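Those sequence lines, one after another, are chains A and S. Here my numbering runs 496 ahead of the position in the first sequence, where the first position is 1. Here my numbering runs 496 ahead of the position in the second sequence, where the first position is 1.
If you're looking for bench data, these hints aren't it; they were derived computationally from the structure. Please note that a few of the clues may not be correct.
Note that the list lumps identical chains together, so a pair holds whenever it fits in one copy or between two copies.
Claimed, not checked - Here are the simulated DSS-like cross-link-like pairs (lysine-lysine), alpha carbons at most 25 Å apart as the crow flies:
no., residue 1, residue 2
1, 964, 641
2, 624, 566
3, 641, 815
4, 776, 623
5, 700, 647
6, 618, 881
7, 743, 679
8, 764, 690
9, 764, 618
10, 815, 825
11, 977, 815
12, 566, 679
13, 1013, 647
14, 693, 647
15, 825, 641
16, 700, 743
Note that the structure is a prediction, hence the values are computed from the model and not measured.
2 protein chains.
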Amino acid sequence: MGEPTPTQQATSWLSAFGDALARGDIAAAVAMFDTECYWRDLVTFTWNIKTCESREDIYAMLQATLAKVKPANWQVEGEATSGNGVTEAWFTFETAVARGRGLLRLRENKCWTLLTSMTELKGFEEKKGATRPMGAEHGVIRERKSWLERKQQEEAELGYSRQPYCLIIGGGQGGIALGARLKRLQVPTIIIEKNAKPGDSWRKRYKSLCLHDPVWYDHLPYLPFPDNWPVFSPKDKIGDWLEMYTKIMELNYWGSTVCKSASYDEVKGEWTVEVERDGKPVTLHPRQLVLATGMSAMPNLVQYPGAADFKGEQHHSSKHPGGDQYRGKKCIVIGSNNSAHDICADLWEHGADVTMVQRSSTHIARSDTLMDLALGGLYSEQAVKNGITTDKADLIFASVPYKIMHTFHIPVYQEMAKRDADLYARLEKAGFMLDFGEDGSGLFMKYLRRGSGYYIDVGASDLIADGKIKLKSGVTVERIKPNSVVFSDGSELPADLIVYATGYSSMNGWAAQLISKETADKVGKCWGLGSSTTKDPGPWEGELRNMWKPTQQPGLWFHGGNLHQSRHYSQFLSLQLKARMENIPTPVYGMNPVHHLG
Amino acid sequence: MGEPTPTQQATSWLSAFGDALARGDIAAAVAMFDTECYWRDLVTFTWNIKTCESREDIYAMLQATLAKVKPANWQVEGEATSGNGVTEAWFTFETAVARGRGLLRLRENKCWTLLTSMTELKGFEEKKGATRPMGAEHGVIRERKSWLERKQQEEAELGYSRQPYCLIIGGGQGGIALGARLKRLQVPTIIIEKNAKPGDSWRKRYKSLCLHDPVWYDHLPYLPFPDNWPVFSPKDKIGDWLEMYTKIMELNYWGSTVCKSASYDEVKGEWTVEVERDGKPVTLHPRQLVLATGMSAMPNLVQYPGAADFKGEQHHSSKHPGGDQYRGKKCIVIGSNNSAHDICADLWEHGADVTMVQRSSTHIARSDTLMDLALGGLYSEQAVKNGITTDKADLIFASVPYKIMHTFHIPVYQEMAKRDADLYARLEKAGFMLDFGEDGSGLFMKYLRRGSGYYIDVGASDLIADGKIKLKSGVTVERIKPNSVVFSDGSELPADLIVYATGYSSMNGWAAQLISKETADKVGKCWGLGSSTTKDPGPWEGELRNMWKPTQQPGLWFHGGNLHQSRHYSQFLSLQLKARMENIPTPVYGMNPVHHLG
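All chains, full assembly: derive it from the sequences and hints.
Shown next, in the form of structure tokens:
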């Protein structure tokens, strides 16, 4: 009798686990987990996005959910692998209402991490492949309507004579990706966007902007980029892609449309949303309202004394047009994250005199190093060669519990610090304040905790190290004079242009603006994990606050994040919405109380 | 010693074959072919699209080409298979200038069929996957131009201050697919199209039009349809796809542009092409001119006596708007192929009184039966499941020599005749003249030989069998009176509308129109195999006349066909053009003399 193979190990664990659940023996099921254990569920057991972080958590969760969920048919998918004492296996399973896919990690035949995610609702599967529509209706049908006529009819009716089930506010990549999934699930949906065309939210940014994430990380659902798509997509090119994607996916996309107000009728369970489409008022009554207004769309407008009297030009980074009109001008950029660096470099490249004002330390990660050390395993040409599809990469990514995620990142950034030691030394010599996050866990954890505090270096750091971009470090702005900026150290710099690269505020700011302060406070802060690090106060939440999951306000949802998150989490948000539309019971387990207002 | 596996058989044949070629031993190489043998080459040995149909043909071809081509490195790809005494194997190989892929069929260790096709030119490989562009240029570059600025600059310059190497006349699926390949090969190209937008050539057709070929057969290069794309794409939806594809592939597409004239300067080796873009004259000087004007774009305008005095409406099928404006009208459709059937059904569905005039027998193939019996093995959801990628399917399709292709089709259509016997009996009872092609080889052979003579039944045949679409069969139009049509049998029918579904003429008609009668006659008839069947006079040509390969007119090329052909053969045409642009020697072997003028 030799050692069992990884696949045999996983198979026997999974079938024993399935049996325990089938006979309702929660104690036995829980006993199959290691003392350190995590179960992350994406809407299959909990109708929530939830990580149980101990046997006790798991016990409580199963107590509350097992009887209704009725999980069954746990099957290992493909061959399991093992390394460093961990056996890893893909699997599929079912619940009473859905099919799911998961990833299991065993240590000494006990479960260390378990991911369960929903792939489709039984009876409401997406029509694709063998079940795709016929298109042409064969046979003869008197007065048949063509595809175009049906499409035009839907466009004419939806929102007017017929109400959408779901309204998405914000037509960036988040709203578009979610809209595409809802379309495939046949959930009548309208996406409204203040800009005229899909992609404009990218086109209107500063000229030099390119995605900082590589192409393998950026695919939208259903229609991957062609294999010659650039590694870092220029903003106008991604804009064109979003525009074409929206058309091909046949989304009901209302451009040049702004939301004026929204209110919820608890009794009817529906929203009244006042919008202005091309200047004309329209009242919508969706049952579900999704704010996909972007994590980075609510500018932090810092008001420094004297700003009103400034004689030059001043704007938030989100409004910055690009450098070419500032040749020879004295430009002060307040901030030191991605946008600040991009804008400083762009201004310098166009011959402006540029000073960056760094108010607090910043994490710098060189783009190439980041791709190589942090993303390469899951999102790269090599990963594709290794058979890691985008779908698999997303699930592997999702399978690492937030609670311990930083422990996997710290060594990566220690390696980065070594590899790019020269750059970091030169930056510090230039007076730049560096950090790698409070626990050294680097960029992605900063992104999850606070959505800021870093720059993915594509060149600007050299300009700073070389003094080409001047640096005012460790100071804040004291006040603004008609032709200059005065700093907390008493120094003063003449200025023709001030760019406020001062970041963005929590998405629930949009709820306050569109619905009410009460509703915003009721749902509380969005994003962040409760890590008790800067800008991410505790207590520990275990998941991103309010993102892609039920909130304290029925019928109100938040969707956003980078292209990877928009792609992956739109799957679980769309399934939650479809289930509600079809009146499938969706008892939510483990909603966190609200600890912070925004 | 057991039997050698199919892979071993193929490997030993291929290495012996490669050795013989390497040492220039043509006799030995030829001796490895069966007495019945075919070698089809797609521009690797012959810089032509050419089938050698005997040992003698192969001997002569190798005599002329081997020394220059220097083939090497013949490797079986994957596992060979065998069945019915035939061993089949994929392989790769190289020439002095290119890499290729092929398909080999052995019978008793002798080669029965050999396909050699070019995949890429050494040193000019498409930039994709690991070699894709970076997009963002990292580092700092003074006065850097953004992607959009570079794109706008190219659009402003190409055709004005800078000449395209290649001009494609016609912006339908053919011109667009070829344009996409040339873009990836960095061949400066302009596509001109009389309609305003890509896809309009589809949008402007009659309302009910859908593709008659299923989605698996219709993909464009590089960007497959998403997996929920309808089986039979409605015309406006394929129109939107072409528009989106053109934008995403960044093609230089001039809409609302017509070609006025073209002339070739033999000395300079360049064309002078007068076009009108948005009404403004532009003179272009491409070195290569591709007519992608469509196999079905030069209407056969039959002039019946009295037509000029007809008081009703009359138009060619290509101009037919759709049935809704003809409710209650008396409509006569002259012709009995695809368009005629579609238009009759559409008119009937909209409550018109419709008569089809069948002048000669027609092949009817029910769409479902066709998909199941004829296409299913290569282009279907099942084929995809079986690992037959579009690329593989295209090569398998291409590997069947035209000379014997009909022998594989005849049994398929015998089966069809059985399966749909009832429909055929009802049609004949209604007086409809049926055929399966002169040798019973059915639809696709008719398409290759004459590009006409069939209807893929999606419902109209029932209307004819049931007498709902009236039939005038076996007659021709004698003359047209102000309010009626008189037939060769003396009968007369009142008419408010006459649709001339009288088909299209050879593509070299475009050469006559745009260049000169002399040039059109010099290149001769396009399409057809020389099968000595109706509308495809002999002698036998072995390949489609003038399609995707060098013609008797240097710098003039014809591209067209259905979506499958536009996709697959654009690969070989684009490689021929790229090679010429890079001054790679392209000695053409085995050009056929011109036997027919058009």
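Status of the hints after comparison with the structure:
1. 964 <-> 641: Between. Shortest inter-copy distance 20 Å satisfies the 25 Å Cα cut-off; intra-copy 64 Å does not.
2. 624 <-> 566: neither (27 Å within a copy, 46 Å between copies)
3. 641 <-> 815: Answer is between; shortest inter-copy Cα gap is 20 Å, intra-copy 45 Å.
4. 776 <-> 623: neither (36 Å within a copy, 47 Å between copies)
5. 700 <-> 647: between (29 Å within a copy, 17 Å between copies)
6. 618 <-> 881: between (33 Å within a copy, 22 Å between copies)
7. 743 <-> 679: For residue 743 and residue 679, the Cα distance is within 25 Å both inside one copy (12 Å) and across copies (23 Å).
8. 764 <-> 690: neither (28 Å within a copy, 54 Å between copies)
9. 764 <-> 618: neither (28 Å within a copy, 68 Å between copies)
10. 815 <-> 825: within (18 Å within a copy, 60 Å between copies)
11. 977 <-> 815: within (22 Å within a copy, 70 Å between copies)
12. 566 <-> 679: Neither way: residue 566 and residue 679 sit 29 Å apart in one copy and 54 Å across, limit 25 Å.
13. 1013 <-> 647: neither (39 Å within a copy, 46 Å between copies)
14. 693 <-> 647: both (19 Å within a copy, 20 Å between copies)
15. 825 <-> 641: between (60 Å within a copy, 20 Å between copies)
16. 700 <-> 743: Result: close both inside a copy and across copies, 20 Å intra and 19 Å inter.
Hint compliance for this structure: hints 2, 4, 8, 9, 12 and 13 are not met, and every other hint is.
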